[in-house]
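Asks: Chains as they are written, first to last, in our numbering: chain A, 29 to 541; chain B, 29 to 541.
One or more hints might be untrue.
Stated by the list, open to error - Here are some chain A residues pointing at chain B (derived, C-beta under 8 Å):
1) ASP33
2) SER338
3) ALA406
4) VAL538
Unchecked claim - Coverage of chain A stretches by chain B, computed from C-beta distances (three or more under 8 Å per stretch; other residues unrestricted):
5) 53-59
6) 201-207
7) 236-247
8) 264-275
9) 399-405
Hint data in this document are derived by calculation from the structure and do not stem from the laboratory. As the structure is a prediction and not an experimental result, all values here were calculated from the model. Glycine included, each C-beta is placed from N, C-alpha and C at the ideal position.
There are 2 protein chains.
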Amino acid sequence: MKPEDRRLAEGVLFTDQYQLSMAQVYFREGLHTRRARFDYTFRSYPDYGRHQAGYCVFAGAAPLVGWMEGVRFQTEDVARLRSQVTATGEPMFDEDFLDWLATRGTFAEVTVDAVPEGRVVHPYAPIVTVHGPLALAQILETSLLNHLNYATLVATKASRVAESARGGTVLEFGMRRGPGFGVNAGARAALIGGADFTSNVGISHVLGVPPKGTHAHSLVQVFMAIGRGELAAFRAFAAAYPDDCILLVDTIDTLRSGVPNAITVFEELRAAGHEPRGIRLDSGDLAHLAVRSAQMLDDAGFPDAWIVLSSNLDELAIWQILAQIEDEAPRYGVDAAALVARLTYGVGTRLITSHGHAALDGVYKLVAVEGDDGWLPAIKISESREKIPIPGQKRLWRIYDRRGAATADVVAALDEELVAGRELRIHHPYRAGVHRTLAGPDVAVVEELLTPIFGEGAEIVGDLEAARRRRREDLDRLDPGVRRLVNPHVYHVSLTDRVKALQDELVARVHGV
Amino acid sequence: MKPEDRRLAEGVLFTDQYQLSMAQVYFREGLHTRRARFDYTFRSYPDYGRHQAGYCVFAGAAPLVGWMEGVRFQTEDVARLRSQVTATGEPMFDEDFLDWLATRGTFAEVTVDAVPEGRVVHPYAPIVTVHGPLALAQILETSLLNHLNYATLVATKASRVAESARGGTVLEFGMRRGPGFGVNAGARAALIGGADFTSNVGISHVLGVPPKGTHAHSLVQVFMAIGRGELAAFRAFAAAYPDDCILLVDTIDTLRSGVPNAITVFEELRAAGHEPRGIRLDSGDLAHLAVRSAQMLDDAGFPDAWIVLSSNLDELAIWQILAQIEDEAPRYGVDAAALVARLTYGVGTRLITSHGHAALDGVYKLVAVEGDDGWLPAIKISESREKIPIPGQKRLWRIYDRRGAATADVVAALDEELVAGRELRIHHPYRAGVHRTLAGPDVAVVEELLTPIFGEGAEIVGDLEAARRRRREDLDRLDPGVRRLVNPHVYHVSLTDRVKALQDELVARVHGV
C-alpha cells in the first residue's frame, strides 16, 4: 500500500460501514450529540479444545488510545465518503452530515475508562466503558473491538505459555505466519502477557525492548552449498557474535553433526575469552534432543549453555516436553531440574494466532443514553439470556479475601460504594435466582478496577513494564485452580442487588410484563 | 502508535531479528551480494478439523510488492539498529554493515516471480521464487511470509465460503474480532477469494470496492431507551436510506416484533415509491427464522426482499443452514430454491481468522546460491522427508487433460520445457519410488504458472477484478472432488525426473553416501 492508502486504511475509516450509516441516522434525528455509554465486555474465556483459559489478560488499551488521538475525519476521508452512492446512484451521505464529520469528527469529546493493561479480567464484567456523543461513540466501536479483542486474546495465550514455561525465557517468534501487520499488535500483547522478548525488530524498537533471535537453516545451507559446511557457518556466526552465540544445530543431523560442531565452536570461543550462549533445537523430538544435547554440552564443559526450543510450541507442548524431560533425563545421567532451568522457548505461530481459539468474543454494547432528565438505561433482548447486556451506568469492583486472593468481580451501580468488611449479596450475571452472600470478613479488600484512559482526567497509558508487573501481581492473587491450564476453576463475576434488579426490570418492560 | 512509530513498525524493520544477524554474517564473509534463490511453498492445505481444503487460493502478492517498493533502510531504521548491543554492551552491528544497509539496503536488485493472485495453488510447488543479493533476499523472508501466508489462508477460506453459499452474495464482516490492522490484509484476501464486498470502509476505498453494511442492535436500543421503540428506529433508518433499506430484526423478538415492524416500514417505503432491500437475522436458529421470515415477507408482498444472515457463519454453517432450509421450507409453504436465491451471507470472525486452521504453514527456503561457475543447489536435511526442500533453479507447470481439467502441477528444472502431447514421467514430491507416467494425450495443455511481479520485466500486479476472475476460472478447471468441502480428493504436485534426481543426489551427498 502507498503511504496515503495506508493512512486511509488505518485512519478514522478503520471502521465498519454500518457505523457510519447509523451515525448519519443519529445526525438526521438530532441524536448524534446526545451522550451515550457503551460497555466493552467479553462473554467467554478462550477454549482451546483440549485446554481452556480460566482468566484473560487485558491488553490493547494503549494502542487504542494512540489510534483515537491520531485520527479524525480529514479531507480525504470525507471525500471518500462523499463518493459513496445508494442503489439509485444518489450520494449515500448528505453534505450537512459530512460537514459535521469534517468539523467535529474527532474523539475529543469521548472519554474512556478501562481496566489497566496487564490486569487479569473475566467475562461479563464491563472492562472498558465509553462515554461520548452517540455518533462518535458508535463509529468508535469497530476499532475499539479490533484493538482490544485480538490483543487480549494474545496476551492471554502468552500468559499461559509463560506459566507453562515455569519461569523460563519466552521469545515471541510469530511474525511469519501471523496476520499481516496485526503481528505488531500481537507482539506487543505477547510482551504484556508473558513473552520476555520478540523477534519482531520494528515493534521492539517502538516499545524499547531489544529484539531477539538466533539464525536460520539458510545460514548453514549457504555454507554447505558453497562447499564450506556447517562448521564454517557456525564459525562465521561466532566470529560476528562471540558473546551472543546461539547456534541452530538441526540443519543436517542434530546429535551427529550440529551439536558436535557447536561444541567445537564453543571451545574455540572460550579459548578466545568469550562465553558461548547456547544452541537451538527446531525439529524432531525436542524433549529427547534436549536431554541428549544437554548431556553432550555437560560432558564438554558447557553446563550453562542455553537450549532454545522452537517448532510448534504452545502451553501444552511445553508442558509435555517438561514432563518428558523429567522422565527421560535421569536415564542419560542428566539433572532434569538443571536442564529445565537452561531452557528458553521460541513460541511462534501458536502464540500469535492463539492456536485453538483464534478470536475473543468481545462485544461493545449500548447500555445507557442521556435523556432529558438524566441517563436512560438501554437493553437488548436476545434469545439467549447470557447475551443480554448489563444495562445502565455501572462501576466494576474486585473483592479479595483475607488471604489476599481475588474471589469475585462485582458489577455495581454508579453511585453504589462497596465497603470492605460489609456483607454483600451478589447475583449470577445471567442465571435467574442464583445468588450468594459474602460475609463481611470475606470482603477483606475491595478495589475499583476502571480508571480513565482517554479524555478528561485520563492517565498516561502504555508503560509496558507496568503492565507486565500488574499481570504478575494479579496472577499471584489468583486461585491456583483458576490458573490451571486444563479445566480451570470458574472465577465469579457477579451483579449487586441493584444492578440485577435494573436488568430484570428492563427485560420485563420490553416483554410488556 | 504515532505516525513515526507506525513507519518504523511497518517499514523495512518489519522483519525478524535473525534476518539482520545473518545478513551481517554474510556481509562479514563477503557473501552478502552473492545472488541466491529462495522458494516460497506451503506444506499442507488447511485442515479445519471436521472439514479440509483440497486447494488454496493464492493472495498477498500485490501488497508484498507494494511493501517492497515502499521500504528501504532509512536514517531512523539504521539509527535503531546502531543502538542494539551485545551481551557485553558492544554494538551488535558494525558501522561498515550499517553503511551498506543505508546505501544499498533496498530491494531494487531483488526479483520476484509468482503465481498470479487468485490462482489455485497446491503444497510443495514453488509458487513464489525470489532471486537477489543473499543479504537482502534473507531480510525479505519475514515480510514475504507474513504477506503471503495470511492472505492465502483467508482467500482460501473465502473461496470455500463462496462455494458453500452457491452464488449467494458474501459480505466480509470480520474487522471487530480480527487481528489488528491485519484485518485490512484479510479483507483484501477475502475479496480475492470469494467475498463480494467487505464492511471495512478504509480498505474498500483503497481497493475501489464499495463498503457494505446494514445497522446494529444499538440503533434500535437507542430508540427504545428514549421511548420511541423499534418501529421508530426502522422508520429513521428507512428515511435515511430509502433505496438501501436493510433492517436488523432480532433486537427484541424476530418474528413477533422485528419482521412485522420491518414489513410496516417496507409498505411505507413502497407507498413512497421506494423498493425496500430486506432484513438481517443475527441470532437464533437462522435457517428456521429465514424460512419463517420469508413466509411473512412473501405474504406481505415482498418476495424479493433479501434475507441477510450473520452470526458465526462459515462454510459448514452455511452448508447446514441451506440443508435445513431445503428440509423445512416446504412445511411452511415456502419455495426453498427461491428462499436460497434471496439469501446474503455476512461472514465475520470465522473468515478473517480462518476458523479451525489459523495459519498457513508456508515456508521460504534457500534452494540455490550463485557459485564461481554458475548456480549451486542448496539443500536442508530434515528428520521428516516431507520437509526437505526441492533444491535448485526450477519452473512450475500445470497440466490439463483433454477435458480442460487441471490434473497435476509439475516442478521442472529451469531449462526443462514441458510439451503438450508428450509423455511425461512424474514423481511424488517426497515419497521415494512413487511415480507415474502421463500418456501424451493426458498432457493436453501445459501452462507455466510463474510470472515476474517485482524487478526487471515485472508485470503490474494488484488488479482485484483480474484476481477474482482467475480464481473463478481455476475453480472451473478443478476436479469437483478437489473442491469438496469435506474430505477432498488429493491433487497431485509432482517432480520431473531431473528435479527428483537432483534432490536425491544432494541428500545422498550430505549423508556422505
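Asks: Which of the listed hints are not met by the structure?
Replies: When the structure is compared with the hints, only number 2 turns out to be violated.
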